[in-house]
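Colleague: Chains F and B, in that order, are what the protein sequence lines are.
Under my numbering, the first sequence is numbered contiguously, ending at residue 114.
Under my numbering, the second sequence is numbered contiguously, ending at residue 115.
Accuracy of the hints is not assured; some may be wrong.
Stated by the list, open to error - Derived lysine to aspartate or glutamate pairs resembling EDC-like cross-links, with alpha carbons at most 20 Å apart:
| id | chain 1 | residue 1 | chain 2 | residue 2 |
| --- | --- | --- | --- | --- |
| 1 | F | Lys65 | F | Asp87 |
| 2 | B | Lys114 | B | Glu17 |
| 3 | B | Lys55 | F | Glu102 |
| 4 | B | Lys55 | F | Asp98 |
| 5 | B | Lys73 | B | Asp26 |
| 6 | B | Lys114 | B | Asp26 |
As the list claims (entries may be wrong) - Facing chain F, from chain B, some residues (calculated, C-beta under 8 Å):
| id | residue |
| --- | --- |
| 7 | Tyr32 |
| 8 | Tyr33 |
| 9 | Pro97 |
Hints listed in this document are in silico derivations from the structure and should not be mistaken for laboratory results.
Since the structure is predicted, the reported quantities are computational estimates derived from the model, not experimental observations.
For each residue, glycine too, the CB sits at the ideal point set by N, CA and C.
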Amino acid sequence: SAVISQKPSRDICQRGTSLTIQCQVDSQVTMMFWYRQQPGQSLTLIATANQGSEATYESGFVIDKFPISRPNLTFSTLTVSNMSPEDSSIYLCSVGLDRGHEQYFGPGTRLTVT
Amino acid sequence: AQTVTQSQPEMSVQEAETVTLSCTYDTSENNYYLFWYKQPPSRQMILVIRQEAYKQQNATENRFSVNFQKAAKSFSLKISDSQLGDTAMYFCAFMNPDSNYQLIWGAGTKLIIKP
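Please model the entire structure based on the sequences and the hints provided.
Modeller: Here it is, written out as structure tokens:
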């Protein structure tokens with residue numbers, strides 16, 4: 001497996017502001033993903049963070065709202081821009097190991113937008 | 001498109017009992033992976049067990065085992081000798097390795113272990 005950390009663990013933000021979430025892995029990984037988990041729901045994939053190129057976004061998510069950086073094979077950031085209360089969720093990063101056949105998750109960031 | 005269905009929104013059992021969580025999926029693929037993840041109140045998503053579709057043998061991890069029925073597209077999780085620490089949301093997930101390793105998730109089952 002891998003040890004994955006996320007910062008911050010939680011935050012309360014005002015609408016209209018932006019928050020950047022960091023994800024750090026203890027080893028180099030090719031595949032890194034960002035998910036959103038709305039209250040009482042399952043996980044929804046936001047995007048795949050690609051090292052050295054632009055992230056690949058899923059339907060319903062756009063780069064202007066959720067810009068992602070992946071400067072190296074151990075680190076990524078997700079920014080939630082121009083936040084509204086609907087963005088209140090848990091945001092999780094994950095990494096793919098064993099040729100992508102297993103995904104391990106960070107502890108998540110609980111975001112509340114007021 | 002692949003879908004994953006968990007038909008039990010919530011279950012509760014007494015400590016030390018055995019409990020089985022249901023999961024069915026729909027796919028036309030022959031090569032894929034299935035997973036059970038556990039999410040306790042701490043919200044950490046923990047991989048419990050993995051099953052490769054090409055393996056007939058059911059995966060086991062200590063007290064956790066699966067009943068994989070490929071023809072029926074069923075993938076249930078059995079927890080033996082349940083413990084209070086097993087209280088969590090349990091999610092079933094499907095992966096087609098040809099689709100950029102994207103996980104398709106079920107809605108989850110809330111499992112409560114009562115003392």
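Colleague: Does each hint fit the structure? Answer for all of them.
Modeller: For each hint, the structure was consulted:
no.	hint	result
1	Lys65/F / Asp87/F	10 Å, holds
2	Lys114/B / Glu17/B	10 Å, holds
3	Lys55/B / Glu102/F	16 Å, holds
4	Lys55/B / Asp98/F	17 Å, holds
5	Lys73/B / Asp26/B	7 Å, holds
6	Lys114/B / Asp26/B	33 Å, violated
7	Tyr32	10 Å, violated
8	Tyr33	6 Å, holds
9	Pro97	7 Å, holds
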